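There are 2 protein chains.
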Amino acid sequence: MLKLQTLTGLALVLCAASVAADVMPSWRDGASREAIVNFVERVTKSGGDDFVPADDRIAVFDNDGTLWSEQPLYFQLLFAMDRVKALAPNHPEWASKQPFKAVLENDMKALAASGEHGLIELVMATHSGMTTAEFEQTVREWIGNAQHPTLKRPYTDLVFQPMLELLDYLRDNGFKTFIVSGGGIEFMRPWVHEIYGIPPEQVVGSSIKVKFEMRDDGPVLVRSPEIDFFNDKKGKPVGIHQFVGRPPLFAAGNSDGDLQMLQWTTAGTGSRFGMIVRHTDAEREWAYDRESHIGKLDKALDEAADRGWLVVDMKRDWKVIYPSP
Amino acid sequence: MLKLQTLTGLALVLCAASVAADVMPSWRDGASREAIVNFVERVTKSGGDDFVPADDRIAVFDNDGTLWSEQPLYFQLLFAMDRVKALAPNHPEWASKQPFKAVLENDMKALAASGEHGLIELVMATHSGMTTAEFEQTVREWIGNAQHPTLKRPYTDLVFQPMLELLDYLRDNGFKTFIVSGGGIEFMRPWVHEIYGIPPEQVVGSSIKVKFEMRDDGPVLVRSPEIDFFNDKKGKPVGIHQFVGRPPLFAAGNSDGDLQMLQWTTAGTGSRFGMIVRHTDAEREWAYDRESHIGKLDKALDEAADRGWLVVDMKRDWKVIYPSP
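Residue numbers (this note's numbering), protein chains in the order written: chain A, 1 to 325; chain B, 1 to 325.
Derived by calculation from the structure, the hints in this document are not laboratory data. Note that this is a predicted model, so its numbers are computed, not measured. Some clues are possibly wrong.
Note: identical chains are not told apart, hence a pair may lie in one copy or across any two.
Subject to a maximum C-alpha distance of 27 Å in a straight line, what follows is the list of computed DSSO-like cross-link-like pairs (lysine-lysine) [stated by the list, open to error]:
id, residue 1, residue 2
1, K152, K234
2, K296, K211
3, K109, K296
4, K211, K299
5, K319, K85
6, K233, K319
7, K299, K85
8, K233, K85
9, K45, K234
10, K234, K319
11, K97, K152
12, K45, K299
13, K45, K97
14, K152, K319
15, K109, K97
16, K97, K233
17, K109, K234
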């Protein structure tokens, strides 16, 4: 009987060890993976000082640069540019009007010169004036067919395998995972459930105003060319508050656009976890931080040390970047 | 062997019958209860024509008049009035300024005369100018201590027992339940999880603008006296779209404020269910519809027959109204 107990105990120990090694297998053994696992074990250990009930285990993730790549431009801007090209036959005036002319001529310099105002104009021209159902269908078709301009792969191949594993690991431990992105909420919802396992109602993002209309063939929601909410920087804690109703336990981002989200999350009482994905791998992905126009990481990097946020170094910490094809 | 199979079969049949009788026990046997159960069985029957995967089983519920009572005034207005009284010592000017004077003197006629503008002023004065954490605490204290003016019971006793059972029944069948209310989102979130089993992130409501501020002792969100979104009438489908990202399968309301939500829900493809709670029981609750200032039910009642929405008659369909103390 004693022998049987010993054997059972040994089997349990072996099982536990093998589970731990299976956790996030694309992360190299080291301080980053260990910090995440330690945190999750602390907040899920029943009876422990840091225990948090499952209902309050909220984890939020930025999308661009945190869950998938964002170079050479945010993928949603590449979508807007593809839409300008597709819609151009109905808009002869675009041939001579910026920023549309720049897009049609692939003139990135002129596009950059149009500034933030130009980009908003591009987004409004391509993201409004249709019903929500029509826009959803357009996004579905694009995401299913479009290819990244330099990597020549579908955009949904360019998600970070280690982050997919982190999402799974958190959910396996009772966390509810949310996206909190500066990107358009309706640009993400049609595909994130399949790709990240995050359902549409757990996506927080920027939005344009939508209006209810009763048409002859039934009610529709129409997308208006007017910004409703900009879910970036100081907007992120506001967006989290609006959609989730309480501060998260865990937040991951990669740029100064995530600074206030990280501050808000880690200022909460009890154990909290802030994490920054640092793009350090010019060979397998891209390397950029303080000087980048996309995903600039400067102030948040300075604050990370003071506030105890984990800075994940892609090159050092991740065995692979993208899922194997 | 045959006998054993027969016995097992019989036991299964008996179990099934007893489960059905246990479903929503506060609903009287009859067409209303039957219509709900039939719908749920159709959309959850694997392989059936009307089957809907669990991920898409979204049910939305209005709050005031649908999940709890709303007479003699929306309970949130009674909260605002209690707050005016509590804050009055710091606001000597209110003694001579409407609509505050009316509240302090319990002059309902003068309060009604201040109209919608007056009510918004009351809400802004009592719902803004503090952090989100402070407001949450105020709501928690009020809901835990305040009493209904005529029934002299806590407000959370005035929820509808048959609706609690409907929420449970839908969740037991894989539905995700949301509140979609014209009331303030932050007025509901502190207590609805405990009372209705609906977590804060599944509450859609009206909101005021909230701003991120970094203070010396850390980041806070401050409530501003400015309306952000009015989640009523045409706003309800917009709010559902914003928070849930797709049309629900099931919607329940009780007034013309829910008309567009019911239209939007039941216009979807496949099986959909629209339901109206009709206040017909002057003895156990209140009786009101077309002429009421609170919870006016007129157009939606006219449309119910054409569109096949279930009209639940409180007096006829419900064995009890409130949970037993």
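Hint by hint, here is what the structure shows:
1. K152 <-> K234: Neither: 35 Å inside a chain and 43 Å across chains, both beyond 27 Å.
2. K296 <-> K211: The answer is between: 23 Å across copies meets 27 Å, while 34 Å in one copy does not.
3. K109 <-> K296: within (19 Å within a copy, 58 Å between copies)
4. K211 <-> K299: between (38 Å within a copy, 20 Å between copies)
5. K319 <-> K85: Answer is neither: 38 Å inside a copy and 62 Å across each miss the 27 Å cutoff.
6. K233 <-> K319: neither (30 Å within a copy, 52 Å between copies)
7. K299 <-> K85: neither (37 Å within a copy, 45 Å between copies)
8. K233 <-> K85: neither (31 Å within a copy, 38 Å between copies)
9. K45 <-> K234: Cα proximity of K45 and K234: none, with 33 Å in one copy and 46 Å across.
10. K234 <-> K319: neither (33 Å within a copy, 50 Å between copies)
11. K97 <-> K152: neither (29 Å within a copy, 68 Å between copies)
12. K45 <-> K299: For K45 and K299, neither the intra-copy (34 Å) nor the inter-copy (54 Å) Cα distance is at most 27 Å.
13. K45 <-> K97: For K45 and K97, neither the intra-copy (60 Å) nor the inter-copy (55 Å) Cα distance is at most 27 Å.
14. K152 <-> K319: Answer is within: at 22 Å inside a copy they meet the 27 Å cutoff, but 64 Å across does not.
15. K109 <-> K97: within (15 Å within a copy, 60 Å between copies)
16. K97 <-> K233: neither (31 Å within a copy, 40 Å between copies)
17. K109 <-> K234: neither (29 Å within a copy, 43 Å between copies)
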